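Read in order, the letters of the sequence shown correspond to residues 365 to 710 in the numbering used here.
No lab work stands behind these hints: they were computed from the structure.
All figures in this text were calculated on a predicted structure; none of them were measured in a lab.
Quick reminder that beta carbons are idealized off the backbone N, C-alpha and C, glycines included.
Possibly wrong hints are sitting among the right ones.
[Stated by the list, open to error] Derived pair list, reagent style DSSO-like, types lysine-lysine, alpha-carbon separation capped at 27 Å: (1) Lys528 / Lys516; (2) Lys700 / Lys498; (3) Lys626 / Lys507; (4) Lys660 / Lys475; (5) Lys516 / Lys560; (6) Lys700 / Lys528.
[Said to hold, decoys possible] Beta-carbon label-pair distances, calculated as ranges: (7) Phe601 / Phe629: 35 to 41 Å; (8) Pro426 / Thr677: 32 to 38 Å; (9) Lys498 / Met365: 29 to 35 Å; (10) Phe601 / Arg383: 25 to 31 Å; (11) Gln521 / Gly678: 44 to 50 Å; (12) Met494 / Thr387: 34 to 40 Å; (13) Ser604 / Met365: 40 to 46 Å; (14) Pro602 / Asn465: 36 to 42 Å; (15) Met510 / Arg640: 20 to 26 Å.
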Amino acid sequence: MDHGFGIIGTGDIAAVHARAIGTIANAHLAGVTDIVRDKARAFGEQFNCNVFDSASALVNSPEIETVCICTPSGTHLEPALLAIDAGRHCIIEKPLEVTVNRCRTIIEAAKKKNVLVAGIFPMRFLDINMEVRKAVESGRFGKMIMGDVYVKWFRSQTYYDQVKWRGDPEISGGGAVMNQAIHSVDLLRWMMGEVKEVSAFSAMLGHHDLDVEDTAVATLRFENGALGVIEASTAVFPGSYKRMEILGTGGSVITEEETIVKWEFSEESDLDNEIRLRFSGEETVGGGVTDPKAIKDTGHIRQISDMVEALETGRPLVIDAEEAAKAVEIIEAIYKSARTGMTVSL
365 MDHGFGIIGT
375 GDIAAVHARA
385 IGTIANAHLA
395 GVTDIVRDKA
405 RAFGEQFNCN
415 VFDSASALVN
425 SPEIETVCIC
435 TPSGTHLEPA
445 LLAIDAGRHC
455 IIEKPLEVTV
465 NRCRTIIEAA
475 KKKNVLVAGI
485 FPMRFLDINM
495 EVRKAVESGR
505 FGKMIMGDVY
515 VKWFRSQTYY
525 DQVKWRGDPE
535 ISGGGAVMNQ
545 AIHSVDLLRW
555 MMGEVKEVSA
565 FSAMLGHHDL
575 DVEDTAVATL
585 RFENGALGVI
595 EASTAVFPGS
605 YKRMEILGTG
615 GSVITEEETI
625 VKWEFSEESD
635 LDNEIRLRFS
645 GEETVGGGVT
655 DPKAIKDTGH
665 IRQISDMVEA
675 LETGRPLVID
685 AEEAAKAVEI
695 IEAIYKSART
705 GMTVSL
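Please build the complete structure, drawing on both the sequences and the hints.
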């Protein structure tokens, strides 16, 4: 069966979705729409797909089975509900929405219509992160002690000035944490388990005329008792590769992008040297350190393929809307703590 996809919104990330769909043998891009007609037409020409006059027309097209929602962060709800009401499955770019309540509205609507909704978190589908997850699941870390992620990037003032919604919390949901570090927030929770409480500070330090943070630090206590840190910024020149540290009584793993910096366990496995060699030589791609367009397609290809496989086999999605909303819940707690000066329980 050939699966037809439609895309709503033609911002930078939409091209990643289009390229990813184009690599999947039993899928094709059937259409696109954008509130700016000229952008939609140019996108349609670039990717050789139909151009629809409205989101309503796209979601009601019989050619389209699944809708990729690539609009600005805080505008996912309306097109998602439109697609769900039309009986279409959805793949929604991160964040699923900018508040837990808006996420919950999507989740409940999908349940009523019995459609699948995936929340995009492509880092989970990268080989290096799947290897770390295997080590977690097999208990190689022993008792979990710390889990930390660092996303210290650089975005110029122009980055915000040219796309005004990025500095508007109503549409963006926030700054460096919600729109840059959210992938690492999701990854940290995937490795360490549920977060119990957070305490955070945030600030606008390297930009001006914005109502969102460009720098934040949060400390976390996980349900398993481990502690952790999230550091995020878009104000540090020239920026650094995003980093993750998963540390336990039985082992430590540190990664930067798709490269292993440390992979050491008290009980060595026959595969450990192979894993170290495989990922120590990886070509590290900046993944958005200074360029928001520097995103590899691999994770999106695998996650969109996951939707196709779920449709064909009936198995659950790897990251459904419920799972995707958990990162928003953590970030909402971080913002509440930074705003109130209080530790926030989840």
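Each hint, compared with the structure:
no.	hint	verdict
1	Lys528 / Lys516	holds, 22 Å
2	Lys700 / Lys498	violated, 33 Å
3	Lys626 / Lys507	holds, 18 Å
4	Lys660 / Lys475	violated, 32 Å
5	Lys516 / Lys560	holds, 24 Å
6	Lys700 / Lys528	holds, 23 Å
7	Phe601 / Phe629: 35 to 41 Å	holds, 36 Å
8	Pro426 / Thr677: 32 to 38 Å	violated, 23 Å
9	Lys498 / Met365: 29 to 35 Å	holds, 32 Å
10	Phe601 / Arg383: 25 to 31 Å	holds, 30 Å
11	Gln521 / Gly678: 44 to 50 Å	holds, 49 Å
12	Met494 / Thr387: 34 to 40 Å	violated, 19 Å
13	Ser604 / Met365: 40 to 46 Å	holds, 44 Å
14	Pro602 / Asn465: 36 to 42 Å	holds, 38 Å
15	Met510 / Arg640: 20 to 26 Å	holds, 21 Å
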